[in-house]
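Peer 1: Please put together the full structure from these sequences, using the hints given.
In order, the protein sequences belong to chains A, B, C and D.
For the first sequence, the numbering used here begins at 123 and goes up steadily by one.
For the second sequence, the numbering used here begins at 7 and goes up steadily by one.
For the third sequence, the numbering used here begins at 74 and goes up steadily by one.
For the fourth sequence, the numbering used here begins at 16 and goes up steadily by one.
The reader is advised that the hints may include incorrect statements.
Claimed, not checked - Here are the in silico distance ranges between beta carbons for each label pair: (1) C/ARG118 <-> D/HIS528: 49 to 55 angstroms; (2) B/ARG155 <-> A/GLY136: 53 to 59 angstroms; (3) D/ARG646 <-> C/PHE352: 53 to 59 angstroms; (4) D/LEU679 <-> B/LEU57: 28 to 34 angstroms; (5) D/HIS528 <-> C/THR354: 50 to 56 angstroms; (6) B/LEU57 <-> A/GLY136: 51 to 57 angstroms; (7) D/VAL680 <-> A/GLY136: 23 to 29 angstroms; (8) D/TRP23 <-> B/ALA415: 52 to 58 angstroms; (9) C/THR354 <-> D/LEU559: 33 to 39 angstroms; (10) D/ARG646 <-> A/VAL304: 52 to 58 angstroms.
As the list claims (entries may be wrong) - Stretches of chain A that chain D covers, calculated by requiring three or more beta carbons in the stretch to come under 8 angstroms of a beta carbon on chain D: (11) 229–240; (12) 268–276.
In case anyone wonders, no lab produced these hints; they're calculated from the structure.
C-beta: ideal position from N, C-alpha, C; glycine also.
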Amino acid sequence: MEGLAFDIAHLLAGGLVLVSFMMLYQDRLYALLNLFALHAVVLALSVAWQAHVQGAPHLYITAAIALVFKAIVIPVALHRIVQRLGIHREIETVIGVGPTMLAGMGLVALAISVMLQATPEADPLAREDLAFALAVILLGLLTMVTRRNAVGQVVGFMSLENGLILAAAGAKGMPLVVEISVAFSVLIAFIVIGIFLFRIRERFDTVDIQALDRHRGERR
Amino acid sequence: MSLAPGDAVAAILLIPLVTAALLALLPGYRLTARLNIVATLLTLLAALGLLAGERPQPGLYLLIDDLNIVFLVLNTFVGFTTSVFSASYIAHEIGIGRLPRSYLRFYHAMYQALMFGMNLALVANNIGLMWVAIELATLTTVLMVGIYRTHEALEAAWKYFILGSVGIALALFGTILVYVAAHPVIGEGLEAMVWTTLMQRVAAFDPALLNLAFVFLLLGYGTKVGLAPLHAWLPDAHAEGPTPISAVLSGLLLNVALYAVLRFKLLLAANPAAIAAGSLMVTMGLSSLVFAAFMLYRRRDIKRMFAYSSIEHMGIIAFAFGMGGPLANFAGLLHMVMHSLTKSAIFFAVGHIAQVKGTQKIAEIRGLTESHPLLGWGLVVGVVAIAGLPPLGIFMSEFLVVTSTFARAPLLAIPLVLGLLVAFGALLLRLHGLAFGTPHGSTAPVEASYLPMFAHLALVLLAGLYLPPPLVAWFQHVAAMLG
Amino acid sequence: MLDLLVQGAQMALVLLLAPLLTGIVRKVKARLLRRRGPSVIQPYRDLLRLARKEAVIAEGASWLFRVAPYLIFAATWVAAALVPTFAIGLTFSWTADLIAIIALLGSARFFLALAGMDVGTSFGGIGASREMLIASLAEPAMLVVVFTVALVAGSTQLSTIAAFMVSPGVGLRVSLGLALIGLVMVAIAENARIPVDNPATHLELTMVHEAMVLEYSGRHLAMIEFAASLKLLLYLSLIACLFAPWGLAGAGASATACAIGLATYLGKLLVGAVALALFETSIAKMRVFRVPDFLGAALMLGLLGTLLLFVSRSL
Amino acid sequence: MPVQIALWSVAALLATAIVGVARARAAAGRVLVYGTSLAVCGVTILSALIHLLAAGGEAATLALPLGIPWIGARFRIDALAAFFLVVVNLGGAAASLYGIGYGRHEEAPQRVLPFFPAFLAGMNLVVLADDAFTFLLSWEFMSLASWALVMAHHRDAENARAGYIYLVMASFGTLALLLAFGLLAGADGGYTFAAMRAATHAPWVMPLALALLLLGAGSKAGLVPLHVWLPLAHPAAPSHVSALMSGVMTKVAVYGFIRVVFDLIAAPSWWAGMLLLFLGGATALLGILHALMERDFKRLLAYSTIENIGVIFVNLGLALAFQANGFAAAAALALTAALFHALNHSLFKSLLFFGAGAVLSATGTRDMDRLGGLIHRMPATGFAFLVGCVAISALPPLNGFVSEWLTFQAILLSPGLPQWGLKVMVPAVGAVLALSAALVAACFVKAFGVTFLGRARSEVCSAACEVDRIPLIAMGLFATLCLLLGILPGLVIDALAPSVASVLGARMPVQMHVPWLSIVPIAESRSSYNGLLLFAFIAVSAVLAMLVIHRFASRALRRAPPWDCGYPDANPATQYTAVSFAQPVRRVFGTVVFRACEQVRMPPPGSLAPARLDVAQRDLVWDGLYAPLARAIGVASQRLNVLQFLTIRRYLSLVFLALVGLLLVLALWP
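Peer 2: Written out as structure tokens, the structure is:
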């Protein structure tokens, strides 16, 4: 049983990393959103599994939040935004896919190598989970960094945050997980609203952050 | 009347919270402004009572010890003076219609919410709670930075928001890692997130996890502290937000974030196998110092310039705490307090100056000592103090930092002194432009509240000459505690 | 008591001899140029006549212009009176050592230059600025010479040096020779003689000393002329006392010794005057901006002398 | 007791400063402020003199619970401190006296009155301080107050630039001192001077500390190449403040140097002496050459200050060299010469600045080439200024000569030194000193001649009128002191003996017993000097000559147009100006030192246009050292400034890279 539990957790966490990679690869906006939804689903699954393994019912709430909020509400909202703003479908990524993937590989390697320095006494489940979570986080950051587009960056940030939830869930008996996930949902809601309220659009006619940056206190 | 210790803590937390709710509902400018002042004053009194009276036992959530009482008193004090300044500042803003009346409730409510967040972060005995509190404080400031709704303001707020959120995320991961490290030793549940417990048992934690945790925490909270290269949000947020918020940001929020970093440094210091957290802080501190020093030269916006000077001083403080040892830690604490007082005083002056001159462009402000002697000389004293000239307080802390560093690690002292000198040159250059020469722009008298500014400067001057023994003993104890 | 007498005698003597020396030099020069030349006592006549004339001074002249001549004269006289001429034992010899004597001449020059600038004429300015340039180069050279001598004699006190120089312990030294040459060059420059300056000219763009005193007349001019000849005498007796101190009467010596000293002193002066005249006639005046090279050479000689001295000492 | 008195007077000065803030605009305020400063300085002088002469200057200490808490503010008066207290307060008293009258012409009194007493207080505190923190605090406070005074006339862009450069250089110096003290104090912060004396340092500490000290004290005193701020800042201040800065503040810097090198480190080494000799010689020569090239008389005085600092440092170098080789007497002689010269310079430089201030307030210009003939308009000022010129030109029988003479006596003792470097170097430095002394004479002939003599070059000075009485009293006082110190040097040397003994443990022989009040540094047979007799002789013989001639020859006097070889020209422009006076020197030295080049532009034949002489010269120190530094900072800030204008994404990338970098560090951490 223990072994099986471990394997499934491992599988799900690995799946999360995999989806992160796909998001990194994906440069179409809608597809990216769909992938993110998938990301959220996988997260929900793995959190739920953790809840089951640890016998911690409150984690089910987290899973539910992840499922409802991240897998459904947010993607839909972002779909709307993309339509309303009518931003072109292409995400202009900063560097080509190939180098990005290589960088991602490097990051995963780094994450694992760093994590494996931890003494095995810390229970292996948490340890593996953390390794994958760290990988997801780094990949999420990479996604943010390599996207020129606000929506793309938001998605990257959310995947990063998924990694956090994964880590939190993986940490046995960690309190406040639910609160944290709620807090983060609020945070993301803020971000989405920030775009959604068209503050940015009505000022700058685009969500492209470079347009924001043109309006600066000190112009060169 | 003497408060029971528990009540004092409760007061420190509840007064802002209640007032925030109240202010969100109440209309009318005068009333709300007064209420704001009164609330901050009460909070200050509560903090003082806490300082005077005996302290409550640390619980699962709240903790009062020597370290955070320093920050708490400073926090509530500057919060109070700033609210006084804010009253006259906002009055002027509304007078010229730069700020619509409808935003007032929001502004004051947010101000109290910010106070609540920071106080909570300071008294939190629980790394999770602390994280939540700091996130709260960040979000409130984000909203206040954007309050003018101008291009620049929104852009600054957005930048602050994005970078801040990433910082929050990193910090959270660090927090989780700490829990994971503590979990095998302490066991499941809230206990494993309580400072007091952690400090007792940390020696047995897994060092690798702690190191990893510290990296994330340093970057996460370091973003709030504004250490280079994580500083990007800071200058714009200071420059575009209302000046009282700039004062609070520079004077308080940075300290709160630094406090969090310090806590975790303590944690690592208590674990023999962990890496030297100090070296990381020293590196980031030095880089921030030198970087900000050079950045000062090209500034054209007065508030942005002083924001960079805040980065510089945060660098010095981080450096001092990184160096460790009784002298450097003492200097770091002193420098932190002095910087908060001085920098907020400078922002008080700058706020009124920008209002009377109708611009923040350095090039368009000249000869203040002639056109507005009080503001002008106040600015001169403030800048002289922030540049580290005697007889003001920062000179003493810089004296201690430099001398102790040079005796211990001469090579580290060289970039330190270089940064100090370059920054000095830049600040003086701008000061000459601002305060001297033939006056430029409006010379109309300004209805300003000078009290906060000169109160701060007087304190700084006093501290530069004479530190009362109890304060010293207390600082020394904290310094020893910081190792 | 005798020393006091000697001192007084010396003060009178220098006063008495100075114009004569100038006269001799002029006479010899004239002879060398196949002219008969004025008689050797002509300078006395000039001084007297000038002193009797009324003094004509420019409108713009200030009190300084009128006080300066007396100050210059006094400083030079005191300096000259402190250099042993025929006897060492001067009562007040310890009032000023060699450095102080040079400095006294410096004071005289200072006021002379100021006087030259007082009226506000272009010639006065030329004279003053060039004089100060020459002085600024001559003084270090002089000091280095003094340094060499003082190193040998272990003192800057003229009487001590002279006493040491006659003692057998000295012997011939290269560095002393170099010092002598340096001192002579400095003396020529200081006294405004050819090739540095021409005392006989009165309308030349290259004149230095004469340009400064151009506005003077009557008694003031007399004072200045007198000071100039005193200065020449001083330098000659200085050279004599440093490098040819033979026959100097010792401290508290008998009258006869003093007489011998006096005789030898006169002899030395005569030799010096003739030598000077010979030198002046045999050489052409140099351009003003060659003077620095000339004095630089003197400075180098002095330094060389010092270094050689170290070498010879360390052996 | 003396410490208490001194501290109380400092407190009084600070209180006066506050009064100055309050009552700045009223005339009563001026009198009050300067009057109080005068009284306080007088009291301090008295107590210091009593302490020095009566009590023999044994150390008296006092600690206040100020400054660094666990150390407190330590104060101490020993013989050395007492002597410098006298110097400081003498200058302060005279400046205050001068200010009572001079301050009337001040257009912005509210920018002078508060800072003047504060400046005095700062200088006093530096001398009193007995721990590193108090010392540096007072040191920097002194700079700050003087900066405020320099900025008094801030509307003039030149002054603002001067103030900026001054304060930056000052804080550079303070940081250097900070490092030096950090080195001497050690890791556990033994900041008291007592602890530093007691501490034993590693061999590498001494040279490093000395270098830092040279940077710190040298930049304040004006050692080449750290002198650039001095000729800018000193003239910019009101003249009585310039007098304080030039005459007194530089001495405070010298005090700091002596205190640390001879007292705290107290490990003399001959190469350090050699370094000082070199720096001092270079400073003296460069300073006076600059002064000769100047036409702004206040700046000329400032440059000549640099020259005098050079002389003082040469003496200090000699003292170090002698002390390192155990020649106690010779070291005492050199140090005495240094202190004596410091005192003299504070006297005549203040005097000269007072005169300059009088001229400035009378004519409103600092450009000598617009002045001339002032001796007719302002005779008293002219006389005082002349005395100052004679004194600073080191001419007997005034005081400047005595210290110069002692210096040469010390130089003449150098052949005894074993090190060949010193053997060869000292005579060369001596020659350099003689050269610069002669150049000083030239410089002040120029200064006095062009400003006071000749004919008025512009209407401003033909309309000038004498300053009022009180400034003249101040000038007269210092002129008299210059003469007294010149003719009674023995008294001063004996008064200096305890100060010298307190740091060297040796002193010069007692001079009071020497007959006729003459001074004998080593031995009667070796060298001696008697200013009194010399003065008497010159006076007597001058008067005698005048009487004789007036009695027996003529005393008739007739005024006539100037002769000038028959080419008298009524146009005052035909006089020699400051620039033309310096021309021979510029031809000889300037081509090397300043890359000076003159070109004459002749009009074509037949045209009536005047020929023009253009003179161009450069300050090589500035071009070679400071300009590149400023450029470097500019470039660096320009490069870094890009970081202010990145997109959010790039900022995120910065964070990202920082994170990855730190993770890599962790991954690779042993």
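Peer 1: Give me the numbers of the hints this structure contradicts, sorted from smallest to largest.
Peer 2: 2, 4, 8
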